[in-house]
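Read top to bottom, the protein sequences are chains W and H.
Start counting the first sequence at 1; every next residue gets the next number (this note's numbering).
Start counting the second sequence at 1001; every next residue gets the next number (this note's numbering).
FYI, nobody ran anything at the bench for these hints, they're computed from the structure.
It cannot be assumed that every hint is accurate.
Simulated restraints, written as ranges between beta carbons of each label pair [said to hold, decoys possible]:
#1 H:Glu1056 with W:Gln131: 38 to 44 Å
#2 H:Pro1010 with W:Met164: 32 to 38 Å
#3 H:Ala1002 with W:Ala93: 46 to 52 Å
#4 W:Ile148 with H:Lys1067: 18 to 24 Å
#5 H:Ala1075 with W:Lys60: 27 to 33 Å
#6 H:Ser1041 with W:Ala52: 25 to 31 Å
We put the CB at the ideal spot given by N, CA and C, even for glycine.
Each chain, written out:
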Amino acid sequence: MPKIVADSSTLILLAKCSLLQIVCDLFEVIVPKAVKGEVASDDLVKNYSDAALISDLLAKGSIEVRSPGISDTLPRPISLHKGERDALLLALALGNTLFATDDGKAIKAARFFRVPFIVTPKIVVELFRLQEISFKKARKSLEKLSKIGRYSPEIIADALVTLMEEKNGKTNNNKDTGRPVK
Amino acid sequence: MAKPTTIRIPEDLLNEIDQFVQESNLDRSTYLREVLRKGFSLDKQDRLFSKYLRKELSQMEVCQELKWDPWEFLAQLKSRNLHLNVELEDWLDATGFSS
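Just chain W, same shape as in the assembly (with noise of 0.2 Å):
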């Protein structure tokens, strides 16, 4: 099963998509206890329905609790906030794994350390691709990345054409083997 070392950013915009269930069941999804307490805390939980469902993926274990296990400082000029950091680290620590993440400056660190990143859009149309989840899923939960999770237009539309070409590759496959599209 693929692992991945997700950040607060990605786990919250997974859970706005209604995606992040399915993406812990597909996934070994694992996260520093420092991203633990940036969107599950007790507080967090009583106000925020997206913080329930992490907090609860947690309790269940979907979401795995570990610590990065190796030196906990970034070398410079690199710096990032705890939660970030130590997800990036075990990314690193872990290998063959990869690093989920919406934030820019994670991701320029990312590509430092060399590590293989992902963000949500991406996860989107992969799990189309996996056939995990239906076109209008995805299309839906892309829109919902626009309006709620604040996605430049321009990765917006770029991730939509990605996912009509996938689309109509399936859809032409399937003349061809007729598979059933999702």
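Using the hints, position chain H against chain W.
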């Protein structure tokens, strides 16, 4: 406890403030303290968001500075009509599940 400080203010601005304070029956010092507090808060937010958009600060670093949670951060982005600091290049370079 409030501490005294000295700043130079352009005469025309000071005259405008004095006139407004008189017309509104406000205490001049209390009013100036309040304006300074409000202005500082807004300016701090603007400057931190600029740093966020330039990727000099991460989302959670901004949250820590402003004592916000990540949901408040998203709400503030919306109210300012700003977007996440993830760029098209980041989306294009993102790794897929099968790669």
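Taking the hints in turn, this is what the structure says about them:
1. The supplied range of 38 to 44 Å is met by glutamate 1056 (chain H) and glutamine 131 (chain W), whose beta-carbon atoms lie about 40 Å from each other.
2. A hinted range of 32 to 38 Å for the beta carbons of proline 1010 (chain H) and methionine 164 (chain W) is inconsistent with their spacing of about 57 Å.
3. Restraint check, alanine 1002 (chain H) to alanine 93 (chain W): a C-beta distance of roughly 50 Å satisfies the suggested window 46 to 52 Å.
4. Between isoleucine 148 (chain W) and lysine 1067 (chain H) the Cβ separation comes to about 22 Å, which falls inside the hinted range of 18 to 24 Å.
5. Between alanine 1075 (chain H) and lysine 60 (chain W) the C-beta distance comes to about 28 Å, which sits within the given range of 27 to 33 Å.
6. Between serine 1041 (chain H) and alanine 52 (chain W) the CB atoms are about 30 Å apart, so this pair conforms to the stated range of 25 to 31 Å.
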